[in-house]
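K.L.:
Read off the chains here:
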Amino acid sequence: MTTVAKQFKADARRITRDLRHRGLILTALKKYEAARDARLAKFPDWQSARQTAAEIKWDAINHLDKYLLEFAAKLEARGTKVHWASTAQQAREIILGICRDRKARLVIKSKSMATEEIHLNDALEKAGFEVVESDLGEFIVQLRRETPYHIVFPAMHLVRGEISDLFHHKLGTPPTDNPEELTMIARRWLRHKYIQADVGITGCNFAVADTGMVAITTNEGNGRLTGSLPKTMITLVGIEKIIPRLEDLALLQPMLATIGAGQLITCYNALYSGPRQPDEPDGPEEFHVVLMDNGRTRLMADAEQRDALHCIRCGSCLNVCPIYRNIGGHTYGTTYPGPVGSVITPHLRGLLEWKHLSFASSLCGACTASCPVKICLHHHLLQNRRNAVRAKPVWWEKIAFDLFAFIFNRPWLYKLTKPLGRLGQVFHPLIKGTPLDPARAWTQSRDLPRIPRQTFKEYWRSRR
Amino acid sequence: MNVTLFIPCFVDMFYPRVGISMVQILERLGHTVDCPEELACCGQPAFNSGYWDQAREVAVHCLRRLNRAEVVVIASGSCGAMIKVFYKELFAGTPDEKMAHELSAKTWEFSDFLVNKLGVTDLGAKFPARVTFHDGCHGLRELGIKKAPRDLLAKVQGLELVEMPGPEVCCGFGGTFSAKFPMISTAMGEHKCGLILETGAEYVVSNDSSCLMHIQGLATRQHKPIKSIHLAELLAHT
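Taken in order, these protein sequences are the chains called V and L. Position 158 of the first sequence, counting from 1, maps to 158 under this note's numbering, and the rest follow consecutively. Position 50 of the second sequence, counting from 1, maps to 50 under this note's numbering, and the rest follow consecutively.
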């Protein structure tokens with residue numbers, strides 16, 4: 001087992017026993033479910049909306065070469081500097097380079113999973129820049145020196161009291177149980193930072209090819225402040241964020257809001273098409289768009305799983321996943337947790353190191369049923385399992401399944417397992433649940449059914 | 001109709017009453033029942049664990065034997081999904097691919113077969129109890145079975161169905177997952193048991209013995225007052 005797999009198991013063992021955590025997440029998601037269902041009901045036909053969205057993203061991903069160039073050309077025509085980064089390191093260097101050139105001291109950020117993916121904050125801080133996250137949830141986890149717990153709700157694992165304590169210790173504000181007051185504390189703190197910031201870094205929800213626009217969606221308006229107050233704006237875009245047409249937003253934005261957060265539409269939806277133009281009163285003087293691959297074309301080369309690039313990072317597969325609900329976001333140890341993370345992380349960061357995530361699933365399919373762009377998530381987990389075994393089978397598992405095939409293909413041998421099983425269950429209570437128990441993985445927490453006096457096949461034989 | 005029953009290995013071994021009940025019900029409805037003795041496993045454990053070669057070795061026997069049947073009926077949504085949905089993927093690109101598609105078309109999960117193939121919902125069953133129904137994930141999401149078992153339960157005399165909050169939430173079994181990640185599987189099972197207990201039902205019913213094996217195994221260990229019964233067994237009560 002790899003180190004990350006061992007860590008995953010250890011963390012899962014600890015957190016699944018934490019009933020406070022379980023209750024907290026289930027309560028939060030129950031509220032989400034109620035809101036989501038109320039908004040879903042506003043769609044005349046959610047299933048055909050999903051189909052249309054899947055087709056839009058299919059078109060985008062299967063013609064990425066065309067749409068990316070169109071997107072870049074349109075942006076450049078209005079004075080945007082477009083950069084191309086193959087790897088995380090290249091993306092970091094490009095962004096650090098821009099910050100250095102601008103002699104920046106303070107960088108303000110709006111929420112971006114792509115920047116989490118390349119560990120941009122670490123890199124910026126190591127290079128001497130002060131970095132401030134402006135999304136409230138991200139701000140909180142940044143103060144805690146944690147990674148986001150969820151791709152949409154970064155601080156959903158925390159309660160008011162914990163946030164109050166955090167602000168008290170880190171910002172010196174008086175403790176309060178009032179959510180509005182907690183928000184105001186962050187707001188007052190962040191307003192100063194917006195004004196001081198030299199560079200604003202954002203992510204991108206949708207990269208609109210036909211108009212060359214970056215669409216950014218936030219609930220706090222922090223994206224707009226990040227994108228308009230600092231003199232330099234940098235947007236990091238994973239290349240799969242492309243959508244062909246501006247009109248596609250008419251479906252995708254309400255869809256993202258509905259399935260992601262149970263909202264009709266997110267509060268602030270902005271489109272950026274370039275730096276400040278001569279006739280415009282405000283906006284950044286410079287606008288840089290960094291288009292990043294970082295393993296996405298590798299996933300694209302896998303025809304079976306290419307649709308995983310349709311993902312619009314709504315987080316709905318996390319919300320409905322019984323695994324996520326029980327182990328929480330941090331246990332995964334990945335930038336993208338939950339089902340979609342378990343599917344794509346092996347492609348982005350190495351199959352053999354991250355295959356355990358594809359096995360840590362009951363394959364219940366709730367993720368696939370929820371996905372607004374119809375990614376066949378749980379079948380991709382199966383394919384990752386097959387690919388991992390093809391690449392490097394686990395020796396004892398291979399022996400076990402060779403034996404499995406050997407026994408089940410020989411009816412007399414299968415028949416023999418019944419008396420042996422009956423004999424075994426006489427002695428089993430002596431070792432049940434102990435390290436000597438071959439069925440310990442099951443029996444440590446569950447009882448095994450007993451083999452009755454007559455199995456079905458024995459009944460069937462007796463009947464004839 | 002000549003119905004060929006596929007009795008999955010764990011149903012044969014641990015839950016023979018489920019198979020026997022299916023035989024009784026189908027014969028009562030006037031059908032001829034056959035059950036190929038040489039078949040035991042559909043190959044799903046190996047398939048789900050990534051060992052597709054070994055899965056194919058086992059599955060090919062089921063495929064060739066079952067394909068001779070007029071219609072195949074299965075007591076489990078999970079094994080049903082394996083044969084109906086995943087064989088097509090497992091045998092893709094092999095000489096048996098066409099056969100996998102043919103078998104898929106004539107394979108039915110038990111409740112789906114009764115309601116949507118035979119058009120029967122009232123089997124004259126009596127079961128005076130409050131029950132709640134657990135949707136097994138494979139039956140629900142791979143095979144799209146949601147209504148059929150409820151239609152059958154609605155016609156059972158004396159039975160009261162109380163839906164739990166979250167009948168579609170996974171019980172945490174997931175085959176080899178339950179042994180590979182017992183801590184996660186157990187936490188999921190505990191959550192499911194909680195949902196079942198909220199209904200105050202005497203029985204939890206499902207069309208999949210594998211889910212019930214997990215739920216019951218956990219409930220018994222934790223002394224939770226949950227009794228489980230497979231839909232076929234319940235329907236055989238007259």
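Do not take every clue at face value.
Claimed, not checked - Okay, the calculated bits of chain V under chain L, using three or more residues with CB under 8 Å as the criterion:
#, stretch
1, 62 to 76
2, 313 to 326
3, 381 to 391
4, 447 to 457
What the hints assert, rightly or not - In silico negatives: residues of chain L with every beta carbon more than 12 Å from chain V:
#, residue
5, A129
6, K147
7, K180
In short, the hints are calculated from the structure, not lab data. Predicted model only: the values in this text are computed from it and were never measured. Built from N, CA and C at the ideal position, the CB exists for glycine as well.
K.L.:
All hints are to be evaluated individually against the structure, with a verdict given for each.
P.N.:
Now for the hints, and whether the structure bears them out:
Given a C-beta distance limit of less than 8 Å, the hint that chain L covers the stretch 62 to 76 of chain V is violated, as 0 residues qualify and 3 are needed. Beta-carbon proximity to chain L at under 8 Å applies to 4 residues in the stretch 313 to 326 of chain V; the threshold of 3 is reached and the given coverage holds. Counting residues of the stretch 381 to 391 of chain V whose CB lies closer than 8 Å to any CB of chain L gives 7, which reaches the minimum of 3, so the coverage claim holds. Check result for the stretch 447 to 457 of chain V against chain L: holds, 10 residues qualifying (beta carbon to beta carbon below 8 Å, three or more required).
Every Cβ of chain V is farther than 12 Å from the Cβ of A129(L); the closest lies at roughly 21 Å, confirming the non-interface assignment. For K147(L), the shortest C-beta to C-beta distance to chain V comes to about 16 Å, beyond the 12 Å cut-off, and the non-interface label holds. Listed as outside the interface, K180(L) is inconsistent with that label: its C-beta sits roughly 6 Å from the nearest C-beta of chain V, within the 12 Å cut-off.
The structure is inconsistent with the numbered hints 1, 7, although it conforms to all the rest.
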